[in-house]
Amino acid sequence: MKPFLVMQTDFGQGIATSTMRGVILSIDPHLRVFDNSHDIRPFNTYEASYALFFTLPFWPPGSIFISVVDPGVGTNRRASVALLANGSYVVTPDNGSLTHMKKVIGIQAIREIDQTRHRLPSTRKVDIFHGRDLFAYCAGKLASGVISFEEVGPSYPLDEIVLLPQLPVQVDGRTISGMLESADRRFGLVCSNIPYTVFEDRGIDHGDRFMVSIRHQGRLVFQETLPFLPSFGHVDKGEALIMVSETQQIQVAINQGNLSLDYDLESGPDWTIDLEAVL
Amino acid sequence: MKPFLVMQTDFGQGIATSTMRGVILSIDPHLRVFDNSHDIRPFNTYEASYALFFTLPFWPPGSIFISVVDPGVGTNRRASVALLANGSYVVTPDNGSLTHMKKVIGIQAIREIDQTRHRLPSTRKVDIFHGRDLFAYCAGKLASGVISFEEVGPSYPLDEIVLLPQLPVQVDGRTISGMLESADRRFGLVCSNIPYTVFEDRGIDHGDRFMVSIRHQGRLVFQETLPFLPSFGHVDKGEALIMVSETQQIQVAINQGNLSLDYDLESGPDWTIDLEAVL
Amino acid sequence: MKPFLVMQTDFGQGIATSTMRGVILSIDPHLRVFDNSHDIRPFNTYEASYALFFTLPFWPPGSIFISVVDPGVGTNRRASVALLANGSYVVTPDNGSLTHMKKVIGIQAIREIDQTRHRLPSTRKVDIFHGRDLFAYCAGKLASGVISFEEVGPSYPLDEIVLLPQLPVQVDGRTISGMLESADRRFGLVCSNIPYTVFEDRGIDHGDRFMVSIRHQGRLVFQETLPFLPSFGHVDKGEALIMVSETQQIQVAINQGNLSLDYDLESGPDWTIDLEAVL
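Protein chains in written order, with this note's numbering: chain A, 1 to 279; chain B, 1 to 279; chain C, 1 to 279.
Chain A with its partners taken away, still in its complex shape (with noise of 0.2 Å):
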C-alpha cells in the first residue's frame, strides 16, 4: 500500500487545494490525498508548525504530510523534505514550519528539493505557486514511488533547519511558566507549551487552584484565579477553567465561551504564560 498523504496550507480549502490534489492523482490515481487544515492563519509558519504537531502523530507512520505557508515563495528560501524519526515525511519550505518536528518528534534527515527536476513542466512561468507546482508535484512522485527520498535532491545538515524561537517552560517556586502554543478561535481554547507532565511530577490535583496570568510583550491582558479540572463540563457555563489540552499540555479555556476572542490571545513567543499555585 503507497503511503498517504496529507495536506495543509494557509489557502482556505477550494480551487487552489483542489489543484493541488489534482496534480497528485495525475501523477498516480491509487493515491489517497487528505487535508489536514486550510485555515492556518496567512503567512504564520508558526502556526503551520503546530498544526503539524496536533496531527502527525495520529496518521499512520510513513504518511507524506505537504505543508504549505509560504511567506517566501519565489525568493531564495530552501524547499525541503524531511524525514522524521517515526518515518513519516514533511514537504514544506524550510522557514520554520517544521520547528516542532524538530524539536518534539525528531527529524533524521532533510534534502533540498531539485526545482530542476521536480517542477511541474507545464507551469515553468509561473514564480507564485510551489505549492502545486513544486511541493504537491514532487511529494507525489516520491508517494508514488517514482523517485527515492536520496532522489529528492541534495541532503544539507539539520542544524540548517529554520527554527522559530520558543520560550522555555520554567518553574520556580510556585510558579510554572511558559508561552501559548496555540489560540484557537472556533472555541477559544488557549493551549500553553507546559508538558501535563510538569502537574503529574509535582501532585497537582484536580480543584487546585491558580492564578493565571497571559501577557504580550510583557503587558498584561488575561488575569484570573483558575481551577484544573478534567473538563468543560465541571464548571458553569461562561466560566473559565484549566485542563489537559489534546495534545497533552496544560490549557485554559472558558466552558461554551470563547477565551482567545474575547481577550484577542494569539500564540507564539510574544505570548507568556504563568501558573501560580494558590494555597
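A few of these clues could be false.
Any copy, or any two copies together, can satisfy a pair, since identical chains are not distinguished.
Here are the computed lysine-lysine pairs in the DSSO-like style, where the Cα-Cα straight-line distance is at most 30 Å [stated by the list, open to error]:
| hint | residue 1 | residue 2 |
| --- | --- | --- |
| 1 | 141 | 237 |
| 2 | 2 | 141 |
| 3 | 237 | 2 |
| 4 | 141 | 125 |
| 5 | 103 | 125 |
| 6 | 102 | 237 |
| 7 | 102 | 141 |
| 8 | 102 | 2 |
| 9 | 125 | 237 |
| 10 | 2 | 103 |
| 11 | 102 | 125 |
Calculated directly from the structure, the hints in this document are not laboratory data.
Chain A is fixed; fit chains B and C onto it per the hints.
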C-alpha cells in the same frame, strides 16, 4: 466492502477533524472516511440531529455516522452507538443528537461504549476530545470489523435515549402550524417541520397564498403573505416564497436573498411558524 | 479505473454537498468523489466558470466535473453534460458556467439531461436541489458506466451554449487592456484575462514598470505605478506588484496584504484593467 464512515462535528474542518480521520486510518488504512458538516453551530445538538436527518437517508445503508457535538464531554453523559432501522449506525454522545433518528428513521438498538476497552490508549490523560479518543476510535474498530456491534458495550432501553423537545404539526381550520427545523446561513432558507404531504392531502396548489407568521418565544419576528411555488426563480429577485424543501418539508426563502440573516432566524422549538391560507 | 468526480457549488461545504456525495456513492461505492470549491460566491456563474478554468487542466483527462451554481433551478434553463476537448466532462446547468470551457479548453459535444430518466426517484416532489436530485445522480450514473454519454439525453448545437460576456485583451501603443477574471478574497490576488504571452511577446522584463488602472463600470477605483516581478517576496511587505498568476495571466497583488478587500474589487466584465508602460 467495509462500511463507509461519515463524520460531523461542531469543530470546523481542520486539525481536529484530521486527527479523527488519522485515528481511523491507523486502525485500518483501507477504510473510507467522509465529511458531513463540521460547521454545526457550536454545542447545538438540535442542529446535529437535523444534519443527520438531512443527509443519512442519501448514504448507503450500513454506513457508520460519527456525530460529535458534545457540550458534556468529560462528564457523565452516555457515549453510544445506535443501530438504525435501515442498518446504518450513529456513533455519538447520547445528548439529543439522536432525536430525528429515533422519531423519523427509527432506532433498532443502542449500546453504551465501554470506555475501558474503546479509548485510544495513547491519550489516556486527556478528557476533552472524545471525538478523537473515543468516538472515532470506536467507530473505526466497528467499521474495520475489529469489534462487532455487540462488543461496543452494554445495550440499554430505547426509551432512555435523550430526546430534544419538538413541537407537533397542527392543522386548525385554515392554519397549519409547526416549528422551524433549520435556518440555513448561506442561502437563508428557513425550513419548517411541516411535511409536504400536509399540503398534498389538503389539495394545496402552486399559486395558493398564505400569511406566514414566524415567532420566537411567542414574539412575532416575520409576517408576510407569500405564494406557494415550485422554486426560487418563480418570483423576482429579492421576493419571498413558500416551497418544498430538500427534505420534503415546507420551507420559506427569498429568491437570491437571505431570510435567516435578514430576520435573525434560528431553529428549534422556541421558533414557531403558522401558515394561514388566504382565500 | 473509473473516472474521478470533482464537485463545485456555491453551497458551502456541508450537509448539502455531503448528500450529493452520498447519492453518487449509493450508485457505485467504488467511485471517488473530490471537492473543487464550494465557496463560489452565491449565484455567481462567472466565478463558477473561472473555477473550472483554474482547476480542470490539472485533473486527469476523463474526469467528470459537477458544477452547481444554479440561480435558475426549477425553471426552464437547460441541465447539461458537456464533453470537453481533453475528454473530461462537466455536468452543469447551461447558464454561463461553461464560458471558459468553450473559449479556452474547447467543447466537443453537449447533451441536455433527460430529466424523465435521470432524476433521483425518491425526491420527485422537490424542485429546488438539482445538485443532489439531478446533477450528482446523473454524473454518478455516467461515472459508474450505468449510462453512456449518449444516454444522457439529446445533443444540441454548440452555439446554443450560454456564454457570459467577456472583454477582449487589447494592446494600444504602450497600454495593454483587459478585464478582471478573479478577485480572490483570501490573499486579495486580482487576476486579469491578459495572458502572460502578451508580456513575453513584447519583451517585457522583470523590473519594468506600469501604471495600473482598475475601473468598475468606467469609474477609477485603483491606480498605482507598479513593477513587474517574479513573486511576492521581491517587494517589501505591504507593497503591491505585478506578476504572472497561477493561470499564466497577468495579476496584481500586495505582498502579505489584500488588494481585493482594500479596494472592494470583484471580477467580471464590469471590471476593467489597463497597464500603461512607464518609460
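Evaluated hints:
1. 141 with 237: Neither: 50 Å inside a copy, 34 Å across copies.
2. 2 with 141: Both. Shortest intra-copy (11 Å) and inter-copy (22 Å) distances satisfy the 30 Å Cα cut-off.
3. 237 with 2: Intra 46 Å, inter 41 Å, cutoff 30 Å: neither.
4. 141 with 125: So residue 141 and residue 125 pass the 30 Å test inside one copy only (21 Å; across, 39 Å).
5. 103 with 125: between (37 Å within a copy, 22 Å between copies)
6. 102 with 237: Result: close only across copies, 28 Å inter versus 39 Å intra.
7. 102 with 141: This pair counts as within: shortest intra-copy Cα distance 24 Å, inter-copy 32 Å.
8. 102 with 2: within (25 Å within a copy, 37 Å between copies)
9. 125 with 237: between (55 Å within a copy, 23 Å between copies)
10. 2 with 103: This pair counts as within: shortest intra-copy Cα distance 28 Å, inter-copy 39 Å.
11. 102 with 125: between (34 Å within a copy, 24 Å between copies)
Going through the hint list in order, the structure does not satisfy hints 1, 3.
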